[in-house]
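*Asks:* Sequence:
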Amino acid sequence: MTRAFLSDAAEKVLAELTATEQAAVESVRRHLEDEPDPDAARGLPDADPRSQSYVIDLLPEQTRGRGISVVYRYAPDLDAVLILWLIAGP
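One point on numbering: in our numbering, the residue at position 74 of the sequence shown is 146, and numbering is uninterrupted.
Warning: the hint list may mix true and false statements.
[To be verified] Ranges of calculated distance between the beta carbons of each label pair, as one might list FRET restraints:
1. Pro-162 x Arg-122: 31 to 39 Å
2. Asp-149 x Thr-92: 34 to 42 Å
3. Leu-156 x Ser-99: 14 to 22 Å
None of these hints come from the bench; they were simulated from the model. Glycine included, every Cβ here is placed at the ideal spot set by N, Cα and C.
My request is simple: use the sequences and hints to build the entire structure.
*Replies:* Right, here's the structure in full:
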């Protein structure tokens, strides 16, 4: 099982989200522990050749609030995911 962690910046934003938005982000975090490279993710350019960066977009219907982009980096050699940013829309 892959371990998924939140960066300090992501933890700060998570604390500012509503309860339903937090639950949606937590469901993504749990899913990433099972499947760090999900089909729902878009790949992003990554400067580090030992990791891959992705974004998963949560629609307002999924969060019962704002749209949220979950940006994360997966390091296969560490078998770990770091959620870098949570970007909440209007």
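*Asks:* Determine for every hint whether it applies to the structure shown.
*Replies:* Structure-based check of all given hints:
Take Pro-162 and Arg-122: their Cβ atoms lie about 36 Å apart, and the range 31 to 39 Å holds. Between Asp-149 and Thr-92 the beta carbons are some 35 Å apart, a value that agrees with the proposed interval 34 to 42 Å. The beta-carbon spacing between Leu-156 and Ser-99, approximately 18 Å, falls within the hinted interval of 14 to 22 Å.
The earlier numbered hints are all upheld by this structure, with none contradicted.
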